[in-house]
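Asks: These protein sequences, in sequence, are chains F and L.
Sequential numbering of the first sequence, starting at 0, is according to numbering that gives the first Met the number 0.
Sequential numbering of the second sequence, starting at 0, is according to numbering that gives the first Met the number 0.
For the record, the hints were derived by calculation from the structure and aren't laboratory data.
No residue lacks a Cβ here, since even glycine has one placed at the ideal position from N, Cα and C.
Don't take each hint at face value.
Have a look at the derived ranges for each label pair, beta carbon to beta carbon [as the list claims (entries may be wrong)]:
{"#": "1", "chain 1": "L", "residue 1": "M47", "chain 2": "F", "residue 2": "L40", "range": "44 to 54 Å"}
{"#": "2", "chain 1": "F", "residue 1": "F66", "chain 2": "L", "residue 2": "Y5", "range": "42 to 52 Å"}
{"#": "3", "chain 1": "F", "residue 1": "Y54", "chain 2": "L", "residue 2": "L16", "range": "44 to 54 Å"}
{"#": "4", "chain 1": "L", "residue 1": "T130", "chain 2": "F", "residue 2": "L70", "range": "19 to 29 Å"}
{"#": "5", "chain 1": "F", "residue 1": "D51", "chain 2": "L", "residue 2": "Y73", "range": "18 to 28 Å"}
{"#": "6", "chain 1": "F", "residue 1": "S62", "chain 2": "L", "residue 2": "A142", "range": "35 to 45 Å"}
{"#": "7", "chain 1": "L", "residue 1": "I146", "chain 2": "F", "residue 2": "L50", "range": "14 to 24 Å"}
{"#": "8", "chain 1": "F", "residue 1": "F35", "chain 2": "L", "residue 2": "E43", "range": "23 to 33 Å"}
{"#": "9", "chain 1": "F", "residue 1": "S62", "chain 2": "L", "residue 2": "L147", "range": "56 to 66 Å"}
{"#": "10", "chain 1": "L", "residue 1": "K112", "chain 2": "F", "residue 2": "Y54", "range": "48 to 58 Å"}
{"#": "11", "chain 1": "F", "residue 1": "Q78", "chain 2": "L", "residue 2": "T134", "range": "48 to 58 Å"}
{"#": "12", "chain 1": "L", "residue 1": "I85", "chain 2": "F", "residue 2": "S62", "range": "27 to 37 Å"}
{"#": "13", "chain 1": "F", "residue 1": "Q78", "chain 2": "L", "residue 2": "E93", "range": "23 to 33 Å"}
{"#": "14", "chain 1": "F", "residue 1": "A74", "chain 2": "L", "residue 2": "M105", "range": "50 to 60 Å"}
For the chain F half of the interface with chain L, some residues (derived, Cβ under 7 Å), not all of them [stated by the list, open to error]:
{"#": "15", "residue": "K16"}
{"#": "16", "residue": "D28"}
{"#": "17", "residue": "M47"}
{"#": "18", "residue": "L49"}
{"#": "19", "residue": "L50"}
Below, simulated SDA-like cross-link-like pairs (lysine to any residue); rule was C-alpha separation at most 25 Å, straight line [to be verified]:
{"#": "20", "chain 1": "L", "residue 1": "K140", "chain 2": "L", "residue 2": "E98"}
{"#": "21", "chain 1": "F", "residue 1": "K59", "chain 2": "L", "residue 2": "K140"}
{"#": "22", "chain 1": "F", "residue 1": "K42", "chain 2": "L", "residue 2": "P77"}
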Amino acid sequence: MPYIPNTDANTRAMLEKIGISSVEELFHDVPAQHRFPELKLPKAVSEMELLDELYALALKNSSTGCFATFLGAGAYNWQAQGFLW
Amino acid sequence: MFLRAYTYIRMMGPDGLRSMAENAVLNANYLKALVSPHFPRAVERTCMHEFVVHGDIPGTDIRALDVSKRLIDYGHHPPTNYFPLIVHDALMIEPTETESKETLDMFADALVKIAGEAHTAPELLHSAPHTAPVTRLDETKVARAPILCCKG
């Protein structure tokens, strides 16, 4: 899911207007050894795959809803009924 | 914020991140090529994801702020104005990778028209914006004494 609207035809037209022949040329000011680093990251995943992963991560959290709590000073479990608002 | 960044990186992956960076730089350099015949560049070299031009138009009394305010009339959000401070009349333009070529073309067209208006109808720029609910604000006072409540 790239969130990038440029098509290949757009890219070619834009490079032509800039007066260069490849996107790589835009980075010639960056020292060659740092220019295109290999990113040690996992491959892209879909939105649904990532949601599953994030839900699983979120389940590692605990809350006062899961355990007995002895917190005081208003930090204990409580509920304000709708009619009070 | 961490979650948002993590989600973005995981959905883009290494190839997507590279493509994002390339397109951000491509868009900025393309827009610079369209705009710089009309607004001189502050620096003569390839830019990264943003570039700076001088917004004062030679031979006129138009300043960068007039150009920015007139862009609102053309339906575009103005770029960063008067920053960086070391460039006089700076307009710092940062299109990002999410804008399409069509949008960049429209934005550049508006800037080119404004550069023409600076000579043919400068009062249009001095009094801009004309389409916004409010026109020129006292920019010092809005920062120092903001009115944050609306009264009927």
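Asks: Each hint should be assessed against the structure and marked as holding or not.
Replies: Now the hints, each set against the structure:
1. In this structure the supplied range 44 to 54 Å is violated for L:M47 paired with F:L40, their Cβ-Cβ distance being about 21 Å.
2. In this structure, F:F66 and L:Y5 break the distance hint of 42 to 52 Å, their C-beta atoms being roughly 27 Å apart.
3. The beta-carbon spacing between F:Y54 and L:L16, approximately 24 Å, falls outside the hinted interval of 44 to 54 Å.
4. Distance hint for L:T130 and F:L70: a CB-CB separation of about 55 Å, inconsistent with the stated range 19 to 29 Å.
5. At roughly 45 Å, the beta carbons of F:D51 and L:Y73 sit outside the given window of 18 to 28 Å.
6. A C-beta distance of roughly 41 Å is found between F:S62 and L:A142, which places it inside the suggested range of 35 to 45 Å.
7. A hinted range of 14 to 24 Å for the beta carbons of L:I146 and F:L50 is inconsistent with their spacing of about 43 Å.
8. Restraint check, F:F35 to L:E43: a C-beta distance of roughly 25 Å satisfies the suggested window 23 to 33 Å.
9. Here the CB-CB span from F:S62 to L:L147 is close to 35 Å, at odds with the stated 56 to 66 Å.
10. Checking the proposed 48 to 58 Å range against L:K112 and F:Y54 shows it holds: the Cβ atoms sit about 50 Å from each other.
11. At about 50 Å, the beta-carbon gap between F:Q78 and L:T134 stays in the expected band of 48 to 58 Å.
12. Hint check: L:I85 to F:S62, Cβ distance near 51 Å, so the stated range 27 to 37 Å is violated.
13. For the pair F:Q78 and L:E93, the supplied restraint of 23 to 33 Å is violated, since their beta-carbon distance comes to about 47 Å.
14. Checked against the hint of 50 to 60 Å, the C-beta distance between F:A74 and L:M105 comes to roughly 53 Å, which is consistent with it.
15. Residue-level restraint check for F:K16 holds (minimum Cβ-Cβ distance to chain L is 5 Å; threshold 7 Å).
16. The interface hint given for F:D28 is met, as the beta carbon of that residue sits about 6 Å from the closest beta carbon of chain L, less than 7 Å.
17. Interface hint status for F:M47: violated, as the beta-carbon distance to the closest one in chain L is roughly 11 Å, over 7 Å.
18. Interface hint status for F:L49: upheld, as the beta-carbon distance to the closest one in chain L is roughly 5 Å, under 7 Å.
19. Using the Cβ-Cβ criterion of 7 Å, the hint placing F:L50 at the interface with chain L is not satisfied: the shortest such distance is roughly 9 Å.
20. In summary, the hint linking L:K140 to L:E98 is not supported, as the alpha carbons are separated by about 34 Å, beyond the 25 Å threshold.
21. Our distance criterion of 25 Å between C-alpha atoms is broken by F:K59 and L:K140, whose separation comes to about 49 Å.
22. For the proposed pair F:K42 and L:P77, the alpha carbon gap of about 37 Å is over 25 Å, so the pair is violated.
This entry does not satisfy hints 1, 2, 3, 4, 5, 7, 9, 12, 13, 17, 19, 20, 21 and 22, going by the numbered hints stated previously.
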